[in-house]
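S.K.: Next come the chains, spelled out residue by residue.
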Amino acid sequence: GAGVSQTPSNKVTEKGKYVELRCDPISGHTALYWYRQSLGQGPEFLIYFQGTGAADDSGLPNDRFFAVRPEGSVSTLKIQRTERGDSAVYLCASTDRDGDVTSGYTFGSGTRLTVV
Amino acid sequence: AQSVTQPDIHITVSEGASLELRCNYSYGATPYLFWYVQSPGQGLQLLLKYFSGDTLVQGIKGFEAEFKRSQSSFNLRKPSVHWSDAAEYFCAVRQGAGNNRKLIWGLGTSLAVNP
Chain A
1 GAGVSQTPSN
11 KVTEKGKYVE
21 LRCDPISGHT
31 ALYWYRQSLG
41 QGPEFLIYFQ
51 GTGAADDSGL
61 PNDRFFAVRP
71 EGSVSTLKIQ
81 RTERGDSAVY
91 LCASTDRDGD
101 VTSGYTFGSG
111 TRLTVV
Chain B
1 AQSVTQPDIH
11 ITVSEGASLE
21 LRCNYSYGAT
31 PYLFWYVQSP
41 GQGLQLLLKY
51 FSGDTLVQGI
61 KGFEAEFKRS
71 QSSFNLRKPS
81 VHWSDAAEYF
91 CAVRQGAGNN
101 RKLIWGLGTS
111 LAVNP
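Protein chains in written order, with this note's numbering: chain A, 1 to 116; chain B, 1 to 115.
Same shape as in the complex, but just chain A:
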């Protein structure tokens, strides 16, 4: 697609529920990143994919968080047993292989997750 698409744009869920957040990167971009931005904060790295594999998942806060990218394109961030502290805007970005240096990340508009 023309840009990075994230769905849904807003998600309200009850504490303890499971949620999936979807990211559709720019066509042909091999690298995909997930960040989380809490109110008044800068984005916080979660995980980075190069192709289908997670090259760096050191930012995932605990084992309730998991992300996949089975075909090297669309990625899904999965959060189990959601907690109120998970409320944030979840940002996805993509680049071509070295594009984060040559042209920077292209970010989606984010999914605002609210856990009530």
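No wet-lab data here; the hints were simulated from the structure. Keep in mind that a hint or two might mislead.
To be verified - Quick look at which bits of chain A chain B covers, simulated, 3 or more residues with Cβ under 8 Å: (1) 38-46; (2) 51-65; (3) 105-111.
Here the structure is a predicted model, which is why all the values come from computation and not from measurement. Note that CB positions come from ideal geometry on N, CA and C, so glycine has one too.
Guided by the hints, dock chain B onto chain A, whose structure is given.
M.R.: Just chain B now, kept in the frame of chain A:
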């Protein structure tokens, strides 16, 4: 560990005035540095980046930034601010080489522009 400090949480300038947003980083080698802008309801947009070469880099929307290794700084400047520049500005650093692609971000500086 790498870190990014944006000392000014909020800045207000008058339209037409000059602007400088400060960014200091902590990283041992030459970093890759970025400035992004985030407008209300919009995604993050890259303003400019530095990873080698000329230490004064030009970006979009009339912005520029200067990398100063001796001061570990990468301050963003604009000679004449427009009302449409009101937004949140983030400085970020990436480890310069290798497979570590994550960006470390500052807390951001919120810019308000008075007419």
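S.K.: Next, verify each hint and record whether it holds.
M.R.: Each hint tested on the structure:
1. 38-46: The restraint on the stretch 38-46 of chain A holds, since 6 of its residues have a Cβ under 8 Å from chain B and three suffice.
2. 51-65: holds (count 4)
3. 105-111: holds (count 5)
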